[in-house]
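A.B. asks: Top line first, the protein sequences correspond to chains S and F. Everything in the first sequence is counted per the working numbering, starting at 383 for the first residue and increasing by one. Everything in the second sequence is counted per the working numbering, starting at -1 for the first residue and increasing by one.
Wrong hints could be hidden among the right ones.
[What the hints assert, rightly or not] Simulated restraints on C-beta separations:
#	chain 1	residue 1	chain 2	residue 2	range
1	F	Arg13	S	Gln561	20 to 26 angstroms
2	F	Thr259	S	Asp556	30 to 36 angstroms
3	S	Arg481	F	Val50	16 to 22 angstroms
4	S	Thr542	F	Leu252	51 to 57 angstroms
5	S	Thr440	F	Thr259	47 to 53 angstroms
6	S	Asp445	F	Val50	52 to 58 angstroms
7	F	Arg29	S	Asp556	39 to 45 angstroms
Just so you know, the hints here were simulated from the structure itself, not pulled from any lab data. Source: prediction; values computed, not measured. Cβ coordinates follow ideal geometry from the N, Cα and C atoms, glycine included.
What follows is the residue order along each chain.
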Amino acid sequence: MADEPTRRSSDQGRSVRAAIRRELAGDTPAPETPRQTREPAAPRAVVEVDNVSLAFDTPVLEDVSFHALDGETVAIVGESGTGKSTILKLILRLLVPDRGQVRIDGEDITSLTFDEALLVRQKMGMVFQGAALFDSMSVFENVAYPLREHTQMDDDEIETRVREKLEFVDLDADQVMEQFPAELSGGMRKRVGIARGMANNPEIMLYDEPTSGLDPLTTATITKLILKLQHELNVTSVVVSHDIRSVFRMASKVALLYDHHITFFGTPEEMTGSDNRYINDFLGGASA
Amino acid sequence: MPELLIRLNDAAKSRVLTLQEYFVLAGKSLRFIFARPFYAQDVVQQMDEIGVKSLGIVLLTGMFTGMVLALQSSVQLKTFGATIYIGNLVSASMIRELGPVLAGLMVAGRVGSGIAAQLGSMRVTEQIDALNTLGTDPIKKLVTPRVLAALVMLPVLTIINDFIGIIGGNIIASFVVGVPTTQYWRTVWTQIAADGFALRVIPNDFVQGLSKPFVFGALISITACYFGLGTTGGTEGVGQATTRTVVTSSILILIVDYFITQILLSVLTYGR
């Protein structure tokens, strides 16, 4: 961190941290407070990224390590182009690291075959930046897709589950089920994306920029949804986001990616309390 | 100089890698035809897309090709007083060459571009990644149904194209040149019989005319899926993938047509 760029003065960083602390203290309603660690007898790491390095033409990640315990929400933050979404692809085993391990429920997934990786992915639900709904399918077919693919549920059971998930994300099932993605607003598409991601009741949810491109009210709605998922279903989540305000609301821990490395991994309080200059600059910039 | 060699080396490696990826995709898509799960509904949907919806353009192409073929041949045959042989010329040309090649080119233009654009859009909007994360192999779900549908539907379209082309020739022969319809169809059959039979039953012309569209179907669908799935660079990339698909599959059809003809002419015994 010796050669990190200076973007904001330390004073500005301190005021930003103070503002974030105030927000952490006062703005988040009690039932949604995510950082209260549940009390598992022995918290187990559900997602572990261990000394992972990856390069394409140039290095993308170097010795990246962090973990998400059962029920935790880990947010990965950092500047654009630092490889945040790449980490999600590694967790999904869409990419294989050059070095290091990615473990899901203690199982190293880096050495799995393609077909074995498909099985591991069924434990996970993914919400894409642009929702990535199948535009040739209706909302119902989109949410039902993982159920039809991987379960023996009959049509009635599938419809019940789809309705349940759509209602969980605050959508009127009767109204949206037969609509196509092109007919939905950005916020609705994101919500359908979350419903599809959680249709199979995965134990891990991954979110790639879940609030990007949304207005502040819709952003708050999506953030609340993620919190609801975390509280009611105890899902372990990894969230990639630029939206530091949402991150601080939903994350149990934050991993800051800078210069191909994780430069900080800890709770939001530890992050705001840090004297690290880059963290201050990042928080100042993110809040500006 | 060494820099030039390095560039040539990189370019050669890139070409070899492209070929390797193409054949891996082809191998997987064909292998998945026999592997569970079967996406029967997708196959039927693609058959409709590739076959039924291409019917209009194929009918139009076949009809006018047959008509112009009869018209042109009549000019030459008239100089020898042999216009009654129009049926021979039209049937041999349509069944062996023009039927399969024109149906292939039409489908490459209409369907190949559609497949590349659809898969390309799915790639740039992360729908392919979504399939992967939902535990579905995109090749099995997207490529295999399209390849299977093209393998089935292109021969069907070719048969229709051949038949309509011969009817087009019949119209010109009867109404313009003055060859009676019965005489025309007799010469059509005479030509097919004269070209001999494979296994004593299947006309050699049919073997040639139906083996080609089978290969063309695979070429068009795999090429379109290859460029579609490999799309990068947003909507501009989708446009490029579409163009590459049409150009590459059209060129491949013409080149492969020559080699199939060469091979079949040496394997099949003509004129017996």
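A.B. asks: Now tell me if each hint is right for this structure.
C.D. replies: Now the hints, each set against the structure:
For the hinted restraint 20 to 26 angstroms between Arg13 (chain F) and Gln561 (chain S), the CB-CB distance of approximately 45 angstroms leaves it violated. The hinted range of 30 to 36 angstroms is not satisfied by Thr259 (chain F) and Asp556 (chain S), whose Cβ atoms lie roughly 60 angstroms apart. Taken as a hint, the range 16 to 22 angstroms is violated for the pair Arg481 (chain S) and Val50 (chain F), whose Cβ atoms sit roughly 52 angstroms apart. Between Thr542 (chain S) and Leu252 (chain F) the C-beta distance comes to about 55 angstroms, which sits within the given range of 51 to 57 angstroms.
For Thr440 (chain S) and Thr259 (chain F), the hinted distance range of 47 to 53 angstroms is satisfied, since their beta carbons lie about 49 angstroms from each other. Separation of Asp445 (chain S) from Val50 (chain F) is about 56 angstroms and conforms to the stated range, judged on CB atoms against 52 to 58 angstroms. Between Arg29 (chain F) and Asp556 (chain S), the C-beta spacing of about 43 angstroms keeps the proposed range 39 to 45 angstroms intact.
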